[in-house]
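Asker: Given next are the chains, with one letter for each unit.
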Amino acid sequence: MKQKLVVIGAGMASGRVLEQLTEAAPDAFDITLFNAEPRGNYNRIMLSPVLSGEKTYADIVTHDADWYAARGVKTVLGQAVTRIDRAAKTVTSAGVETPYDQLVIATGSAPFIIPVPGHKLAGVVTYRDLEDTNAMIAAAKPGAKAVVIGGGLLGLEAAAGMQLRGMEVVVIHLMGHLMERQLDPAAGYLLQKSLEQRGMKIHCKGATKAILGKDRVEAVLLEDGTVYDADIVCMAVGIRPEVRLANDAHLDVGRGITVNDAMQTSDPAIWAVGECVEHNKQLFGLVAPLYDQAKVLAQALLGQEAAFRPVQTATKLKVTGCDLFSAGDFADGPGREDIVFRDPARGVYKRLVIEGDALVGAVMYGDTADGNWFFGLIKDATDITPMRDTLIFGPAYQGGATADPMAAVAALPPSAEICGCNGVCKGKIVDAILGGANTLDLVRATTKASSSCGTCTGLVEQVMAVTLGDSFTANANPAMCKCTDHTHEDVRRLIKSVGLKSIPAVMQELGWRSVGGCASCRPALNYYLIADWPTEYRDDRQSRFVNERNHANIQKDGTYSVVPRMWGGVTTPAELRAIADAADKYDVPMVKVTGGQRIDLLGVKKADLPAMWADLNAAGMVSGHAYSKGLRTVKTCVGSEFCRFGTQDSTGLGIKLEKLLWGSWTPAKVKLGVSGCPRNCAEATCKDIGVICVDSGFEISVAGAAGMDVRETEPLCKAATEAEAMEIIAAFVQLYRENSRYLHRIYKWVAKVGLAWCQEQIADLATRRALYDRFMLSQSVYQVDPWAELTKPDQLAQWAPMADLSLEAAE
Amino acid sequence: MSWVDIGALADIPPQGARVVKTAAGCVAVFRTADDQVFAMDDRCPHKGGPLSEGIVHGASVTCPLHAWVFSLETGMAQGADSGQVATYPARIEGGRILLDATRLARRVAA
Numbered sequence: 003m004k005q006k007l008v009v010i011g012a013g014m015a016s017g018r019v020l021e022q023l024t025e026a027a028p029d030a031f032d033i034t035l036f037n038a039e040p041r042g043n044y045n046r047i048m049l050s051p052v053l054s055g056e057k058t059y060a061d062i063v064t065h066d067a068d069w070y071a072a073r074g075v076k077t078v079l080g081q082a083v084t085r086i087d088r089a090a091k092t093v094t095s096a097g098v099e100t101p102y103d104q105l106v107i108a109t110g111s112a113p114f115i116i117p118v119p120g121h122k123l124a125g126v127v128t129y130r131d132l133e134d135t136n137a138m139i140a141a142a143k144p145g146a147k148a149v150v151i152g153g154g155l156l157g158l159e160a161a162a163g164m165q166l167r168g169m170e171v172v173v174i175h176l177m178g179h180l181m182e183r184q185l186d187p188a189a190g191y192l193l194q195k196s197l198e199q200r201g202m203k204i205h206c207k208g209a210t211k212a213i214l215g216k217d218r219v220e221a222v223l224l225e226d227g228t229v230y231d232a233d234i235v236c237m238a239v240g241i242r243p244e245v246r247l248a249n250d251a252h253l254d255v256g257r258g259i260t261v262n263d264a265m266q267t268s269d270p271a272i273w274a275v276g277e278c279v280e281h282n283k284q285l286f287g288l289v290a291p292l293y294d295q296a297k298v299l300a301q302a303l304l305g306q307e308a309a310f311r312p313v314q315t316a317t318k319l320k321v322t323g324c325d326l327f328s329a330g331d332f333a334d335g336p337g338r339e340d341i342v343f344r345d346p347a348r349g350v351y352k353r354l355v356i357e358g359d360a361l362v363g364a365v366m367y368g369d370t371a372d373g374n375w376f377f378g379l380i381k382d383a384t385d386i387t388p389m390r391d392t393l394i395f396g397p398a399y400q401g402g403a404t405a406d407p408m409a410a411v412a413a414l415p416p417s418a419e420i421c422g423c424n425g426v427c428k429g430k431i432v433d434a435i436l437g438g439a440n441t442l443d444l445v446r447a448t449t450k451a452s453s454s455c456g457t458c459t460g461l462v463e464q465v466m467a468v469t470l471g472d473s474f475t476a477n478a479n480p481a482m483c484k485c486t487d488h489t490h491e492d493v494r495r496l497i498k499s500v501g502l503k504s505i506p507a508v509m510q511e512l513g514w515r516s517v518g519g520c521a522s523c524r525p526a527l528n529y530y531l532i533a534d535w536p537t538e539y540r541d542d543r544q545s546r547f548v549n550e551r552n553h554a555n556i557q558k559d560g561t562y563s564v565v566p567r568m569w570g571g572v573t574t575p576a577e578l579r580a581i582a583d584a585a586d587k588y589d590v591p592m593v594k595v596t597g598g599q600r601i602d603l604l605g606v607k608k609a610d611l612p613a614m615w616a617d618l619n620a621a622g623m624v625s626g627h628a629y630s631k632g633l634r635t636v637k638t639c640v641g642s643e644f645c646r647f648g649t650q651d652s653t654g655l656g657i658k659l660e661k662l663l664w665g666s667w668t669p670a671k672v673k674l675g676v677s678g679c680p681r682n683c684a685e686a687t688c689k690d691i692g693v694i695c696v697d698s699g700f701e702i703s704v705a706g707a708a709g710m711d712v713r714e715t716e717p718l719c720k721a722a723t724e725a726e727a728m729e730i731i732a733a734f735v736q737l738y739r740e741n742s743r744y745l746h747r748i749y750k751w752v753a754k755v756g757l758a759w760c761q762e763q764i765a766d767l768a769t770r771r772a773l774y775d776r777f778m779l780s781q782s783v784y785q786v787d788p789w790a791e792l793t794k795p796d797q798l799a800q801w802a803p804m805a806d807l808s809l810e811a812a813e
Numbered sequence: 017m018s019w020v021d022i023g024a025l026a027d028i029p030p031q032g033a034r035v036v037k038t039a040a041g042c043v044a045v046f047r048t049a050d051d052q053v054f055a056m057d058d059r060c061p062h063k064g065g066p067l068s069e070g071i072v073h074g075a076s077v078t079c080p081l082h083a084w085v086f087s088l089e090t091g092m093a094q095g096a097d098s099g100q101v102a103t104y105p106a107r108i109e110g111g112r113i114l115l116d117a118t119r120l121a122r123r124v125a126a
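Chains as they are written, first to last, in our numbering: chain A, 3 to 813; chain B, 17 to 126.
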């Protein structure tokens, strides 16, 4: 018979236990998971990106309802367990008793609240769970004021997150410098300076005396008399293990719940894991040892021999732009010596602490590339005597090797930790690669390396490069262009997370190497800024490729082609007459019908463009954007209006879609097709987005191509009504706009993110509606006819030569 | 050297270009982000692309047809491509752009 396993608490440690357990022995236990928070396991260390807006809660869920269901884990969410009856072997929650054979306590930790007057006022939060995070997000109106009490790891992440949301942030820290547990004073000073340069106010040696306010928080008063106004106060001064349940059950409890090497408490049927435990008088707060504990506990529950051996951990700060690293013990002490490197101009500081022949501590700020190498030396207590002279310059300088960026990684021993979140060492990654995991995604899937916070992605890729040699480069994600080392994805993410709202700001903050970028990165940056800040950024025409700058397609001889929009491919005699008149009037050498069901006037001289546009505007036509990375055409068949097979009004829907989507800028061109029946006369199934009308509604498929690559669309979803189809398609276009790299057509982007992910986003009604709303917000700015704009009187001069010297020069 | 006024600096957008018509074809006049001006033939030696329609970055321009990059200072093709575009002295005086008329005239004669 199966044993009954009850797990209390759905944190990161218990999530990992469930994973390991259900993977190794899917049928060993009947599992019931209780969680006081009304949700399952999510990646708590990723709350910072949620707070700063880089990620959403959905992005950080590690185990959703389907996951539990697939593994037969029964979940009781939003209900705290209030009692453990060890004699009866039951737990009580909301008055209901649940029996157990084995019990796992994973209650995690609770934040310290400083009991100063006013600490219970509304608007005082801690930084522990999604509720806290949401409270801070809710308070984050631009110009609102936040006070963070505590300048440790968590406090600074909270402060940075709220600042990215536009708040004015003050950090009050009791000690003389920030992050005193991880940094020495010099690195703490550099960090403080860097944060202050970004507009954060840091108040060190500040003791909170009271939190002031009537109904809710209004200000924070310090012992030294300073008062800071506050709309929200976040207390992030530390955590303590949550042991109340264990205490009440009379288990052995020190500072945390006492466990042996197998994670067993003083009751052999009760186990504990995570931040609530105390092992050999030690408490644990970072995620790597918690995952180790989870692994040990899963083995122990299955009756296998396993022992938890804590290893040292290194710390990195997840605040974009602050590059810091610390590991080991770096306090001054007798018999300890320092090697220090400072470059004030670059803001680089490195300090190595040596005891005897071994490195015992390292603190780095500004340039942390060698951090893992130093960490390896500390863990292995390597004798550093032979390389002491050049130690601080890192692995590239040992043994006379040249400074190769790969050398540092190649020099790492197999036991060197690469992914701190998941405790994955280099050897495990190399084994996975040699076992066939030749892409980053496969390495992530096999080893979990770089699958949590992602800061080690670069390192994992370097391990892949070292292991695979030349065959890796083909899979690598290259830098955006020669002006930067950042990939398109990094730049997109940083534009949003750092709040970069102009091309010069991107180039300055992300360290562009060139002056003014190049013809490759400038259009990409211009697009990303348009897409991410529709109401704040102003389109930079000078960063546009000629076609989009002149709103016409340049031809090989320097003339242009002009294509008026024909909504859904439908035109009128009056429009055709106006087009014919324009063709005559401006001596158009060729009039051609395009593949997108409209008419192209080829060979127009630049100086004639505004006058021709004005004529076509006067006949009611607007630009067809036949030149843009944006919506091109919606090709239609005649549908139920005329065709004897048509099931729906495909022409009408095509026109409505074109009127909804026109004017939007996208990473690459977007073409749609709407066919009235599965005979598919509009060739919808090789478009970026295709709609096939059927009796019961509309089948929407995406990611087709009929260019250099030819491929059939894949089904996204079905819609019952026209209105639903339109919302889905606009939301999908917005998803593409927000996530794809520049110049990737939809089919390339979908291949990267996966159709399943797109389907999930669109299937979730709240997500779909939010995407649709953001699309419409952008349209409120960008759905304008460029022809009308560029034929205004103040715009006309630019189309003609600025001077005519042909007569003077002829003298 | 005789300088001819071809217009105001403000007539050209920063990181943009305009053309000046001459009897021997157009000359492209570029304005960089830091308000320097440069003049060169508006014709890429590769396939005749109008350089004035290229993206201006730093003191370079990228041809709109096939992305050859030219130094605005020397007219030399950058990177792997080889070729040169004729350049003409240009300067700014009191917010006006002046080109060297003598050099432009010599171009006509050539």
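Since the hints were made in silico from the structure, they are not lab data.
A virtual CB, placed ideally from N, CA and C, is assigned to each residue, including glycine.
Hints may contain errors.
To spell it out: a stretch of chain B is covered by chain A in this simulated footprint if at least three of its residues, at any positions, have a beta carbon under 8 Å from a beta carbon of chain A; those stretches are [stated by the list, open to error]:
1) 29-36
2) 39-46
3) 51-57
4) 64-70
5) 80-93
Taking CB as the label site, the calculated pair distances span [stated by the list, open to error]:
6) A:ASP586 / B:GLY110: 25 to 31 Å
7) B:SER98 / A:ASP559: 20 to 26 Å
8) B:LEU25 / A:THR441: 18 to 24 Å
Asker: Now tell me if each hint is right for this structure.
Answerer: A quick look at each hint next to the structure:
1. 29-36: holds (count 7)
2. 39-46: n = 4 at 8 Å, threshold three: holds.
3. 51-57: Result for this restraint: violated, n = 0.
4. 64-70: holds (count 5)
5. 80-93: holds (count 4)
6. A:ASP586 / B:GLY110: 25 to 31 Å: 46 Å, violated
7. B:SER98 / A:ASP559: 20 to 26 Å: Holds, since B:SER98 and A:ASP559 (Cβ atoms, about 23 Å apart) stay within the stated range.
8. B:LEU25 / A:THR441: 18 to 24 Å: The hinted range 18 to 24 Å is violated for B:LEU25 and A:THR441, with Cβ atoms some 52 Å apart.
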